[in-house]
Amino acid sequence: AQSVTQLDSQVPVFEEAPVELRCNYSSSVSVYLFWYVQYPNQGLQLLLKYLSGSTLVKGINGFEAEFNKSQTSFHLRKPSVHISDTAEYFCAVSGINTGGFKTIFGAGTRLFVKA
Amino acid sequence: EAGVAQSPRYKIIEKRQSVAFWCNPISGHATLYWYQQILGQGPKLLIQFQNNGVVDDSQLPKDRFSAERLKGVDSTLKIQPAKLEDSAVYLCATGDSYEQYFGPGTRLTVT
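First to last, the sequence lines map onto chains A and B. Taking my numbering as reference, the numbering of the first sequence is continuous, increasing by one, and the terminal residue is 240. Taking my numbering as reference, the numbering of the second sequence is continuous, increasing by one, and the terminal residue is 273.
Derived by calculation from the structure, the hints in this document are not laboratory data. Just so you know, even glycine gets a beta-carbon here, dropped at the ideal spot from N, CA and C. You may find that some hints are simply not true.
[Stated by the list, open to error] Once the Cα atoms are required to be at most 20 Å apart in a straight line, the calculated EDC-like pairs of lysine to aspartate or glutamate come out as:
#  : chain 1 : residue 1 : chain 2 : residue 2
1  : A       : Lys183    : B       : Asp219
2  : A       : Lys174    : B       : Glu261
3  : B       : Lys173    : B       : Glu247
4  : A       : Lys174    : B       : Asp219
5  : A       : Lys227    : B       : Glu247
6  : B       : Lys177    : B       : Glu247
7  : A       : Lys174    : A       : Glu189
8  : A       : Lys174    : A       : Glu140
9  : B       : Lys233    : B       : Asp219
10 : B       : Lys240    : B       : Glu261
11 : A       : Lys227    : B       : Glu261
12 : B       : Lys224    : B       : Asp258
13 : B       : Lys240    : B       : Asp219
14 : B       : Lys206    : B       : Glu176
15 : A       : Lys227    : A       : Asp210
16 : A       : Lys227    : B       : Glu176
17 : B       : Lys206    : A       : Glu213
18 : B       : Lys245    : B       : Asp218
19 : A       : Lys183    : B       : Asp248
20 : A       : Lys174    : A       : Glu141
21 : A       : Lys239    : A       : Glu213
22 : B       : Lys173    : B       : Glu261
[Unchecked claim] Label pairs and their computed distance ranges (CB to CB):
#  : chain 1 : residue 1 : chain 2 : residue 2 : range
23 : A       : Pro165    : B       : Lys240    : 19 to 29 Å
24 : B       : Leu201    : A       : Lys194    : 41 to 51 Å
25 : A       : Asn186    : B       : Val217    : 27 to 37 Å
26 : B       : Lys240    : A       : Val154    : 42 to 52 Å
27 : B       : Asp225    : A       : Lys239    : 28 to 38 Å
28 : B       : Lys224    : A       : Pro165    : 27 to 37 Å
29 : B       : Ala182    : A       : Ala240    : 24 to 34 Å
30 : A       : Ile185    : B       : Ala164    : 36 to 46 Å
31 : B       : Ala192    : A       : Asn193    : 28 to 38 Å
32 : B       : Tyr260    : A       : Pro165    : 35 to 45 Å
[As the list claims (entries may be wrong)] In silico contact screen, one side only, chain A against chain B (beta carbon under 10 Å); selected entries:
#  : residue
33 : Leu132
34 : Leu176
35 : Ser179
36 : Lys183
37 : Phe215
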């Protein structure tokens, strides 16, 4: 079974500052890792994913994440945020279990970008 | 490419009433998911279909929730009777491999 912990429920940051949203996971099987963004009154949109290969993954809107197997982390980063990045961000982990391919989402981190 | 369509977008009902949500997936996507997202939480999987067969419904409250996917395309999720704690956003997602594409969701308020 898998689990996901997003370590910060809210992250306030000033515009043009860097940001890191933290995600840790646990799993007894090999996993795939994802970050999704949710804007108000909308569904989730995929930002980036790690399936295999390079541990540094680049996504849309200037975001990137690094898979760290030893620390079981997949933190999301952006060097300079915009007001439009204000949204809820979800980390998710997928893996094969006895019941098939399952995806578990974290509780979310609300990023609030201030002018 | 058209996205995942859901209707209605908003629904308000009284407890003990019934409600149904509809999802139209991206063309060609065999896998369809229904999630429940309670305010302040991440999405929780209710049921997963592969074509028109159920892959996982372990977290579906089967005494009140039901779902079907006729002909492996559109899907409906029904709640009967609704409880106050069912107030949430119900998200439909479809996928063709490891990636999921989400619809805008249906916000249900039970009073």
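Here is how each hint holds up against the structure:
{"no.": "1", "hint": "A/Lys183 with B/Asp219", "verdict": "violated (33 Å)"}
{"no.": "2", "hint": "A/Lys174 with B/Glu261", "verdict": "holds (8 Å)"}
{"no.": "3", "hint": "B/Lys173 with B/Glu247", "verdict": "holds (15 Å)"}
{"no.": "4", "hint": "A/Lys174 with B/Asp219", "verdict": "violated (25 Å)"}
{"no.": "5", "hint": "A/Lys227 with B/Glu247", "verdict": "violated (24 Å)"}
{"no.": "6", "hint": "B/Lys177 with B/Glu247", "verdict": "holds (9 Å)"}
{"no.": "7", "hint": "A/Lys174 with A/Glu189", "verdict": "holds (10 Å)"}
{"no.": "8", "hint": "A/Lys174 with A/Glu140", "verdict": "violated (25 Å)"}
{"no.": "9", "hint": "B/Lys233 with B/Asp219", "verdict": "holds (19 Å)"}
{"no.": "10", "hint": "B/Lys240 with B/Glu261", "verdict": "violated (25 Å)"}
{"no.": "11", "hint": "A/Lys227 with B/Glu261", "verdict": "holds (12 Å)"}
{"no.": "12", "hint": "B/Lys224 with B/Asp258", "verdict": "violated (27 Å)"}
{"no.": "13", "hint": "B/Lys240 with B/Asp219", "verdict": "holds (14 Å)"}
{"no.": "14", "hint": "B/Lys206 with B/Glu176", "verdict": "violated (23 Å)"}
{"no.": "15", "hint": "A/Lys227 with A/Asp210", "verdict": "violated (28 Å)"}
{"no.": "16", "hint": "A/Lys227 with B/Glu176", "verdict": "violated (33 Å)"}
{"no.": "17", "hint": "B/Lys206 with A/Glu213", "verdict": "holds (16 Å)"}
{"no.": "18", "hint": "B/Lys245 with B/Asp218", "verdict": "violated (23 Å)"}
{"no.": "19", "hint": "A/Lys183 with B/Asp248", "verdict": "violated (37 Å)"}
{"no.": "20", "hint": "A/Lys174 with A/Glu141", "verdict": "violated (24 Å)"}
{"no.": "21", "hint": "A/Lys239 with A/Glu213", "verdict": "holds (15 Å)"}
{"no.": "22", "hint": "B/Lys173 with B/Glu261", "verdict": "violated (28 Å)"}
{"no.": "23", "hint": "A/Pro165 with B/Lys240: 19 to 29 Å", "verdict": "holds (27 Å)"}
{"no.": "24", "hint": "B/Leu201 with A/Lys194: 41 to 51 Å", "verdict": "violated (33 Å)"}
{"no.": "25", "hint": "A/Asn186 with B/Val217: 27 to 37 Å", "verdict": "holds (32 Å)"}
{"no.": "26", "hint": "B/Lys240 with A/Val154: 42 to 52 Å", "verdict": "violated (33 Å)"}
{"no.": "27", "hint": "B/Asp225 with A/Lys239: 28 to 38 Å", "verdict": "violated (46 Å)"}
{"no.": "28", "hint": "B/Lys224 with A/Pro165: 27 to 37 Å", "verdict": "holds (32 Å)"}
{"no.": "29", "hint": "B/Ala182 with A/Ala240: 24 to 34 Å", "verdict": "violated (43 Å)"}
{"no.": "30", "hint": "A/Ile185 with B/Ala164: 36 to 46 Å", "verdict": "violated (20 Å)"}
{"no.": "31", "hint": "B/Ala192 with A/Asn193: 28 to 38 Å", "verdict": "holds (33 Å)"}
{"no.": "32", "hint": "B/Tyr260 with A/Pro165: 35 to 45 Å", "verdict": "violated (27 Å)"}
{"no.": "33", "hint": "Leu132", "verdict": "violated (14 Å)"}
{"no.": "34", "hint": "Leu176", "verdict": "holds (6 Å)"}
{"no.": "35", "hint": "Ser179", "verdict": "violated (17 Å)"}
{"no.": "36", "hint": "Lys183", "verdict": "violated (16 Å)"}
{"no.": "37", "hint": "Phe215", "verdict": "holds (5 Å)"}
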